[in-house]
Amino acid sequence: MAEEVKKFLYVNRKAPYGTIYAWESLEVVLIGAAFEQDVSLVFMDDGVYQLTKGQETKGIQMKNFSPTYSALGDYDVKTIYVEKESLDARGLTLDDLQHLIYEDEDEDYAEKDSIQLVTSAELADIMEQQDVVLSF
Amino acid sequence: MKLAVQVNEGPYQHQSSDTAFLFTQAALEAGHEIFRVFFYHDGVNNGTRYTTPPQDDRNIVNRWSELAEKHNLDLVVCVAAAQRRGIVDEGEQKRNGKDGNNIAPGFRISGLGQLIEAGVQAERLVVFGD
Numbered sequence: 000m001a002e003e004v005k006k007f008l009y010v011n012r013k014a015p016y017g018t019i020y021a022w023e024s025l026e027v028v029l030i031g032a033a034f035e036q037d038v039s040l041v042f043m044d045d046g047v048y049q050l051t052k053g054q055e056t057k058g059i060q061m062k063n064f065s066p067t068y069s070a071l072g073d074y075d076v077k078t079i080y081v082e083k084e085s086l087d088a089r090g091l092t093l094d095d096l097q098h099l100i101y102e103d104e105d106e107d108y109a110e111k112d113s114i115q116l117v118t119s120a121e122l123a124d125i126m127e128q129q130d131v132v133l134s135f
Numbered sequence: 000m001k002l003a004v005q006v007n008e009g010p011y012q013h014q015s016s017d018t019a020f021l022f023t024q025a026a027l028e029a030g031h032e033i034f035r036v037f038f039y040h041d042g043v044n045n046g047t048r049y050t051t052p053p054q055d056d057r058n059i060v061n062r063w064s065e066l067a068e069k070h071n072l073d074l075v076v077c078v079a080a081a082q083r084r085g086i087v088d089e090g091e092q093k094r095n096g097k098d099g100n101n102i103a104p105g106f107r108i109s110g111l112g113q114l115i116e117a118g119v120q121a122e123r124l125v126v127f128g129d
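Chains as they are written, first to last, in numbering that gives the first Met the number 0: chain A, 0 to 135; chain S, 0 to 129.
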């Protein structure tokens, strides 16, 4: 296990289906959790669709992996940034996205929201602060 | 500087596969260390020795293999992505009962942990994709 803790940011930019980027990105996040790094995720561009509620994939015969996002809190992923401009451009609001939470061990495991709505400018600052940025 | 490289796209279809190679080669020539090259998504297709491009074109797979031999590069193909796309080494062949394997010289198949480790160990992880 790695001793060093770095800030890892996973940037999700693609729609959940149509290409495999979203699903294989999620696989990296889940496997990477074992390395106990400081992990956060960004959803921007068509990537915001990955978090939408009520996905139904029977018609395209693909696995609906969207329920997996609600497990991210258990994998110690506490920070999920969603870019405001990307939601706005697609006529979406936070109400269209899954309600993702984590349990805060410092506050008696109180449930807290994982999703933070950020502007494009704020996202630039967030990216600047990272050690490793993986873009999918 | 100690660098790691991630290749997310397959050969010939996407230029980022070429750019990843040219970057890696240039970095080595400039005296930088490449901790690892990790092939993910369709990038795993850079690691099949069955690739046979026309003779007047670049051989993307062979040039990775040659670069690996020259510089003792660690070329790692993600096992989960490889299994989906039919990239097989001897171990995977036995494990999954396949009738052959196609991994190119200098490449090895391993897990996603190798990518995270590369991110931790290298000073910069450079991602090539669309």
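Check the hints yourself; a few may be wrong.
Straight-line Cα separation of at most 30 Å, DSBU-like style, residue types lysine-lysine; simulated pairs [stated by the list, open to error]:
id: 1; chain 1: A; residue 1: Lys62; chain 2: S; residue 2: Lys1
id: 2; chain 1: A; residue 1: Lys57; chain 2: A; residue 2: Lys5
id: 3; chain 1: S; residue 1: Lys93; chain 2: A; residue 2: Lys62
id: 4; chain 1: A; residue 1: Lys83; chain 2: A; residue 2: Lys111
id: 5; chain 1: A; residue 1: Lys13; chain 2: A; residue 2: Lys52
id: 6; chain 1: S; residue 1: Lys93; chain 2: A; residue 2: Lys5
id: 7; chain 1: A; residue 1: Lys5; chain 2: A; residue 2: Lys83
id: 8; chain 1: A; residue 1: Lys57; chain 2: A; residue 2: Lys6
id: 9; chain 1: A; residue 1: Lys6; chain 2: S; residue 2: Lys97
id: 10; chain 1: A; residue 1: Lys5; chain 2: A; residue 2: Lys77
Simulated DEER-style distance windows between Cβ atoms [as the list claims (entries may be wrong)]:
id: 11; chain 1: S; residue 1: Glu65; chain 2: A; residue 2: Ile100; range: 45 to 53 Å
id: 12; chain 1: S; residue 1: Arg48; chain 2: A; residue 2: Leu29; range: 27 to 35 Å
id: 13; chain 1: A; residue 1: Thr51; chain 2: S; residue 2: His70; range: 30 to 38 Å
id: 14; chain 1: S; residue 1: Ala25; chain 2: A; residue 2: Asp112; range: 43 to 51 Å
id: 15; chain 1: A; residue 1: Thr92; chain 2: S; residue 2: His31; range: 43 to 51 Å
If you are wondering where the hints come from, they were derived from the structure by calculation, not from laboratory data. Ideal placement from N, C-alpha and C gives every residue a C-beta, glycine not left out.
We went through each hint and held it up to the structure:
1. Lys62(A) - Lys1(S): Judged against 30 Å, a Cα distance of about 38 Å means the pair is violated.
2. Lys57(A) - Lys5(A): violated, 39 Å
3. Lys93(S) - Lys62(A): holds, 27 Å
4. Lys83(A) - Lys111(A): With Cα atoms ~20 Å apart, Lys83(A) and Lys111(A) stay inside 30 Å; holds.
5. Lys13(A) - Lys52(A): holds, 16 Å
6. Lys93(S) - Lys5(A): Between Lys93(S) and Lys5(A) the Cα gap is close to 37 Å, so the pair fails against 30 Å, i.e. violated.
7. Lys5(A) - Lys83(A): Answer holds: Lys5(A) to Lys83(A) is near 26 Å, not above 30 Å.
8. Lys57(A) - Lys6(A): violated, 37 Å
9. Lys6(A) - Lys97(S): violated, 40 Å
10. Lys5(A) - Lys77(A): Holds, at roughly 15 Å.
11. Glu65(S) - Ile100(A): 45 to 53 Å: holds, 50 Å
12. Arg48(S) - Leu29(A): 27 to 35 Å: holds, 31 Å
13. Thr51(A) - His70(S): 30 to 38 Å: violated, 45 Å
14. Ala25(S) - Asp112(A): 43 to 51 Å: holds, 44 Å
15. Thr92(A) - His31(S): 43 to 51 Å: holds, 45 Å
Hint compliance for this structure: hints 1, 2, 6, 8, 9 and 13 are not met, and every other hint is.
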